[in-house]
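Chemist: Given the coordinates of chain L, assemble chain R onto it according to the supplied hints.
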Amino acid sequence: MTLKNITLILLSIFTISSFSSAKDITLLNVSYDPTRELYQELNAAFAKQWQEKTGQKMKINQSHGGSGKQARSVIDGLEADVVTLALAYDIDAIAEKANLLSKNWQSKLPDNSSPYTSTIVFLVRKGNPKNIKDWDDLIKPGVLVITPNPKTSGGARWNYLAAWGYALKNHGTNSDANQSAKEFVTKLYKNVPVLDSGARGSLTTFVQREIGDVFLSWENEAFLAVNELGKGKFEIIVPSASILAEPPVAIVDKVVDRRGTRAAAQAYLEFLYTEQGQEIAAKNYYRPRLKMIAEKYAGQFTETKLFTIDEVFGGWQNAQKTHFTDGGVFDQIYQVGK
Amino acid sequence: MNALPHTLKKHSILPGFGLSLGYTLLYLSLIVLIPLAAVFISAATLTREQFVTTVTAPRVLASYRLTFGASLVAAMINVVFGLLVAWVLVRYRLPGKRFIDALIDLPFALPTAVAGIALTAVYAQTGLIGGLLSKIGIKAAFTPLGIIIALTFIGLPFVVRTVQPVLQDLSKETEEAAASLGASRLQTFRKVILPEVAPALLTGFALAFARAIGEYGSVIFIAGNMPMKTEITPLLIITKLEQYDYAGATAIAVVMLVSSFVLLLIINILQKWAARTDNR
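In order, the protein sequences belong to chains L and R. Numbering follows the working numbering, with no gaps: position 302 of the first sequence is 302. Numbering follows the working numbering, with no gaps: position 274 of the second sequence is 274.
Hints are computed from structural coordinates only; laboratory data are not their basis. Accuracy of the hints is not assured; some may be wrong.
Pairwise CB distance ranges, derived in the manner of DEER restraints [stated by the list, open to error]:
no., chain 1, residue 1, chain 2, residue 2, range
1, R, Ala109, L, Gln317, 40 to 46 Å
2, R, Ile136, L, Lys126, 27 to 33 Å
3, L, Gly232, R, Val114, 26 to 32 Å
No farther apart than 35 Å at their CA atoms in a straight line, the calculated lysine-lysine pairs in the DSBU-like style are these [what the hints assert, rightly or not]:
no., chain 1, residue 1, chain 2, residue 2
4, L, Lys69, R, Lys229
5, L, Lys169, R, Lys229
6, L, Lys140, R, Lys135
7, R, Lys135, L, Lys69
8, R, Lys229, L, Lys133
9, L, Lys130, R, Lys97
10, R, Lys272, L, Lys97
11, R, Lys135, L, Lys133
12, L, Lys233, R, Lys229
13, R, Lys139, L, Lys231
14, R, Lys191, L, Lys130
15, L, Lys182, R, Lys97
Just so you know, these numbers come straight off a predicted model, no measurement behind them. We put the CB at the ideal spot given by N, CA and C, even for glycine.
Next comes chain R alone, as it looks inside the complex:
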C-alpha cells in the first residue's frame, strides 16, 4: 500500500497508462456522464419551487417509499437465498448442476416485460401460485407483495454471480480445519465463511438493490399501478413523459439518481470496511 504513491510519481510499470486512462474517461463520459448530465440540465429548466413541488407531491412521495422499500426487501431476500443457491452450486455435486447454473442467468436474459407477464400469470388469483395464496388470504399480484416478487426475480443473479467465485476460492480445508478445531457448524459459518463472502454479498446486494430501483418492465404488469398504493417511481416518470412534461420527469429522475448514488456510495464504503476488518 505504501509503495503506491512512489510508483505513481515515477513512471508506472504497466504500459499504456495514459492511453487507457484517456480511453476510460472518454468512454465513461460518452456512455454514462453525458446522458446523466442531460438529465440534470433538463431538470434545471424548472425553478427551485417547481422542482420541490414536483418531487414532493404526495403521489411521488408514496412512490419513493414503495420503490425504495420494495427494492430493499427484495435485495435482502436475495442476499439470504442467493447465498444459499450459490453455496449449493459450489459445494455439492448434483445431477443437472450445469442446467441449474444456467437457470440463474435467465432473469438477466429474459426481456423484463416477458418476466412481468409470466410472473403476473403465475401470481394472479387465477394463476398457479396466486390461486393457492388467495386460499390462505394472501393477494400477491397487484399488491406491493407482487412488486417485491418481481424485484426479487430480477435481482437473484446479481447476488449468486458475485458470491459464487468467492465461495469457489474458499477452500474446503479451512472449513474442515474449523470443524476439527471443534467449531460448531454455525460457528464455522459465522466466523469462517461469512467474513470471507461478506464483501461479495454486499456487492451483490448493492447491484440487486440498484437494479430493482430502476426496474420498470417486469414490475409494471404485476404492480396494478394504483395511485398512492402500488405506483412505482419509474411509472410516475413515464406518466410525466406521457404528458410531455420532460422537466417534471427528469426532476423525479434526478431525485432517484442522487439517492441511488448516495446509497451505492454508502454500500461501497461499508464494503471497504468489511474487507478491511476481514483482513485483520
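Just chain L, same shape as in the assembly:
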C-alpha cells in the first residue's frame, strides 16, 4: 500500500468521524492514472450542482494510480465510495475478492457502466518519418514500438488486445485465426525495445527519452501529448480498426451503505451521463456516449471501426485468462521467442 493510500485512509477515517454529524459530505473516487484532469473538472461541476440542489457542501477526494494497484487498495480497505477504473477486470476483482459490490455491477448503469469511452491510437513523431498508417506497419522490421507491459499496466492490456483483434479480423483465415493473430502480436512485441511498468512511464520513454517510432496510447493521452507535452512534435494516427476501450465506473455498495453516502454516490455517477458531464468528458478527449455531445465534438475524433472486448474476446475474464495469466499467450511470446 502506498503512503498516499495510507494517508487517504487516515483522512477518510478522520473525515467520517469528524463530519458525519455535520452537513458536509465527502466522497472518495478511486480512479486510474490519466483521469486526473477529467475528474478535477467533473468534481467541481458536480459539487456545485449538488449544493444548488440540496444545500449540502460536497467534497470529492480523488485518488489516482495504476488501475490494478488502485483496485488492490480498495480490496485492502481503502474506503472508496466509487471506483472509476481502466478496465472492468479490476472492478470484477473488487467484487470477487472483497465482496464490496455485487458481481453484476456492470449492469447497474447504462452502457456497460462506462459513461465515456476511448480507443487505442498511434502517436508518431512529427511528419511520421516511418510512414506508419495502420497496425501492419508496426510489425515491419526496424520499427520500434513503445507500449507498457500488459502484465503490469491496464492500458497496455487494451493495446495488446487491440492489436490482437485487428490481426484476428485482417490476417486470420477461419481455421487458424488465433494462430496468425498470435504470430502478428509476437512480431509486434519483437519490435518493443522497452516494457515500462505503466503507461506514464512509457510516455516518458517515448517523449523524453526519444526512444521508439510509435507509441501505442489511449486516445485521450495521445491528445494530451500532442497538445501539451510537445506542441508540434507529435501526430496522432488512428488505425483502420481498434478496440473500444470502456473504462467502467461503479458504486462500492458496502462502503456507501456503511458511510451513508449512497444517494450522493449514485447522483455523482449519474452526473457523468448527463449533458454537462458528457461535455466535460469530451473536452478532456474521452469519446462521449451521448449522441448530441458526440455530434458536437465529431470533428475532434477520427472515425474508425471499433470492436468491443465482449465481441472479440468474450469479456475481460476470458481475455485475462487466455492472454495475461502466467503461462498465458503473452508469456509464451517471450518464452518461445527467446
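Modeler: Only chain R this time, still in chain L's reference frame:
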C-alpha cells in the same frame, strides 16, 4: 567476556532491563516479525507443488540471477569507491567538504522513482552520459548495466556512512608510525588501515547489498523490464499482484526473504570473524 554469564545471573547493573527488553520484543514484533509472518502465511496457501513451480519458473529464475547478481556487483563497486569517498572526506581538508558530505545522503532522501527517472534521463541514448557511452558502443539504460548503475547509486551512502566514523577514529599517528617504521604506502593500507575498516566495510557492503535486492522504484525506469533479460524479482512480485495472485507474489517474496536473510547471516558471521582476527 568471561564475566558476562556471571553478571547476567545476578542482577544486571544497568537499570530497566526487563522493561526495555519487553519493549524491544514488542516493537520488533509489530514492525518486523508480524508483517513478515503474514508473508509466510499468505505463501502457505499454496501447495508445495504450486510453490515450487511458482518460484522456479524460468522467468523467475532469470530474475533472481539478475537481481542478486546486479546487487552483488553494485555493492562491490560501492565498497571500493565508497571507501575512497569516505577516505577523502575524513582525511583531507577541501573547500566545500560539508557540501560534498551532504551530497552523500541524497540517495537516502530522494524518492527512488525520482532517482530512477533522473538516472534514465542521463544514461539513455539521448542523455548526457548515455550518448557518450553509445558512441563507444555501450548501452547503459535498459540493459543490466543500467540496473547496476541504479543500484550503485542507492547503495553508496550505506558504505560511506558506515566506514566514515571508523576512519575518523583511526588516528593519523598510526599511519605515520607505520610510515616511519618503513612501511610502503600500499603496506600501510593493507596492514594498518584495511584491517581496521574491514568490519565496517563488510557492514556497509551488507547494507548496500540488502537494499539493492529489494530496490524497486529507481530500477524500474532504467531497467527496460524485458522478460528473461532485464526483469528484476521485485517487478515479478508486482506483476503477480497485478493479477491478484497474492499467494504467488508472496511465494517469490518468501524466496527473496529467506535468501537475503541467509546472505546477511553469512556476512554477519564473516564480520565477527574479521573483527576477531583484527583484535589478535
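Chemist: Now tell me if each hint is right for this structure.
Modeler: These are the hints, each one checked on the structure:
no. : hint                               : in the structure
1   : R/Ala109 with L/Gln317: 40 to 46 Å : holds (44 Å)
2   : R/Ile136 with L/Lys126: 27 to 33 Å : holds (30 Å)
3   : L/Gly232 with R/Val114: 26 to 32 Å : holds (28 Å)
4   : L/Lys69 with R/Lys229              : holds (25 Å)
5   : L/Lys169 with R/Lys229             : holds (33 Å)
6   : L/Lys140 with R/Lys135             : holds (26 Å)
7   : R/Lys135 with L/Lys69              : violated (39 Å)
8   : R/Lys229 with L/Lys133             : holds (31 Å)
9   : L/Lys130 with R/Lys97              : violated (52 Å)
10  : R/Lys272 with L/Lys97              : violated (48 Å)
11  : R/Lys135 with L/Lys133             : holds (32 Å)
12  : L/Lys233 with R/Lys229             : holds (32 Å)
13  : R/Lys139 with L/Lys231             : holds (30 Å)
14  : R/Lys191 with L/Lys130             : violated (63 Å)
15  : L/Lys182 with R/Lys97              : violated (59 Å)
When the structure is compared with the earlier hints, violations turn up for hints 7, 9, 10, 14 and 15 and for no others.
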